[in-house]
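Trainee: Produce the complete structure using the sequences and hints provided.
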Amino acid sequence: MTTDSKLDALVLGSGLGGLSTAVLLARLGFRVAVIEKNPLPGGLLRSYRRGGLDCPVGVHYFGAFGEGEPLRRMCDFIGVTEGIAAERMGQGGPIDRYLFDDFTFDLPEGLDAFTGALHRAFPRDAQRLDAIAGNLRVMADLQNSFAFLSATPPLMNLDLFRSLDAYLSGMGCSLPLKSVLNVAASWVGMSGAECPVLYHHLALTSYLQSSWRLKGRGSDLAEAFVSRLDTLGGRLILGDPAEAILASGGGVSGVRLASGRVLSADRVVAALHPKTVLGMLPEGALKPLRVRRIRRLAETEGLFVVSAAVDARAHPALPHNLFRLRADREGGLAEGVFYQLLSGTEEWNLLMIITKSLFAEWRRWENTTTGRRGADYEAEKAGRADRFLRQAEEVFGPLHGARVLDAHTPLTLRDWTGSPEGAPYGILRSTRQLPAAATLHRPTLAGLYLAGQNALSPGILGTMLGSFQVARQMIGQERFSREVLGPLRSAPA
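Heads up, the final residue of the sequence shown is numbered 617 in this note's numbering, and it's a clean run with no missing numbers.
Worth flagging that the hints you see were computed from the coordinates, not collected in a lab. Keep in mind the model is a prediction, meaning the values are calculated, not measured. There's no promise every hint is true.
Computed cross-link-like contacts, DSSO-like style, restricted to lysine-lysine with a CA-CA straight-line distance of at most 27 Å [stated by the list, open to error]:
#1 K339 - K130
#2 K161 - K130
#3 K480 - K399
#4 K161 - K399
#5 K411 - K399
Mentor: The structure is reproduced here in structure tokens:
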């Protein structure tokens with residue numbers, strides 16, 4: 125066993141939560157190291173190549189990255205914006221197109237444009253739409269002022285903590301309107317029956333401010349954070365998983381790696397799933413009630429993802445996303461498939477197909493690892509991929525030259541990220557689970573902090589806010605307000 129010199133903070137996990145937290149802490153003068161179990165950093169930020177095409181994993185599009193918008197201001201503050209090559213969507217057309225059985229709805233950029241589109245599509249809901257738009261404007265103001273990072277949490281209407289379905293039904297919204305508004309709940313891995321209005325509105329307003337796709341390789345996004353961390357003097361340890369979080373005297377004291385190497389620090393940021401963190405802590409480090417609450421947390425639903433090549437001349441890239449959706453009798457979403465047709469090479473473009481897939485569907489292979497699941501698993505995966513590719517022809521027409529490049533399941537994400545059921549959006553922040561989930565960002569062992577989308581809110585914007593929340597907890601509200609929140613708020617909006 126070897127022991128390194130003591131650091132100010134250790135960060136476990138190099139996804140967006142871990143890297144952004146580490147870069148922010150390094151910018152604030154902390155000596156910090158990031159520990160990643162995989163040979164490459166980035167988690168779901170990374171992409172991979174198949175058949176000469178770059179296949180994204182976790183970043184398909186994101187919101188609020190325009191000049192003066194909250195995600196952009198946070199990236200500006202930590203110094204990574206210049207390394208992020210992105211293109212704005214919704215310029216001269218929609219961001220998303222929702223294809224229902226009996227109608228189509230185009231999602232435009234801008235809250236006013238969105239409200240206008242809803243009024244044209246659902247004129248009988250005019251009064252209700254005005255009330256919804258008012259709530260969305262309030263939420264946009266809270267986002268843009270970084271109110272969730274202030275010393276005093278903002279006062280919010282109790283309606284924001286109801287489920288989206290209950291909220292819309294209580295207002296008397298028409299079923300088609302409910303179906304359209306339910307789509308944004310799926311962006312954070314929930315149905316309208318589960319999703320609190322708060323998280324729905326946070327997601328929707330961020331994409332309405334502006335929506336973006338990455339240009340070039342997804343892995344370049346991860347490298348932007350890694351490069352900035354290196355510039356600030358931070359360290360990155362790859363391929364040597366954190367095995368245990370060490371504690372003494374009522375607080376953390378460091379981390380032991382699988383190699384036996386010990387890193388000492390009085391602060392450990394776990395940008396990991398909270399259930400994974402439990403298994404790394406000494407017995408008795410957390411109160412039994414806290415342990416039981418974490419173990420009982422339900423996960424968001426998993427995804428089945430297909431990456432396919434299609435003839436680029438027959439199928440030029442689309443500047444917007446497509447959702448093929450089927451509504452249920454209550455206005456919820458019974459089925460949904462997400463499509464992106466992205467630029468690839470001169471000869472081939474990339475068709476991404478993403479749909480819900482429960483972990484239970486893959487449970488028979490639960491005790492296997494990537495690349496060693498057997499012929500039955502590969503056959504099941506290939507059969508589903510071919511089926512979804514054929515279904516895509518209902519949307520795109522005959523797909524010329526189409527071939528499946530790759531497909532991945534919840535098991536794939538579980539093995540790569542360490543999330544117990546491969547949940548791409550982490551724990552379920554449903555109305556029922558909201559009280560337990562809301563406590564996760566509060567330290568219960570001195571020096572232990574939780575980052576990533578399990579800490580505060582799902583998605584890219586929520587994950588970044590969680591990283592700034594960790595810094596606030598570490599340095600205290602007074603210094604945070606002076607050195608971080610003040611500059612964030614004073615940046616041009």
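Trainee: Take the hints in turn and mark each one as holding or not.
Mentor: Each hint, compared with the structure:
{"no.": "1", "hint": "K339 - K130", "verdict": "39 Å, violated"}
{"no.": "2", "hint": "K161 - K130", "verdict": "21 Å, holds"}
{"no.": "3", "hint": "K480 - K399", "verdict": "22 Å, holds"}
{"no.": "4", "hint": "K161 - K399", "verdict": "16 Å, holds"}
{"no.": "5", "hint": "K411 - K399", "verdict": "14 Å, holds"}
Going through the hint list in order, the structure does not satisfy hint 1, though it satisfies all others.
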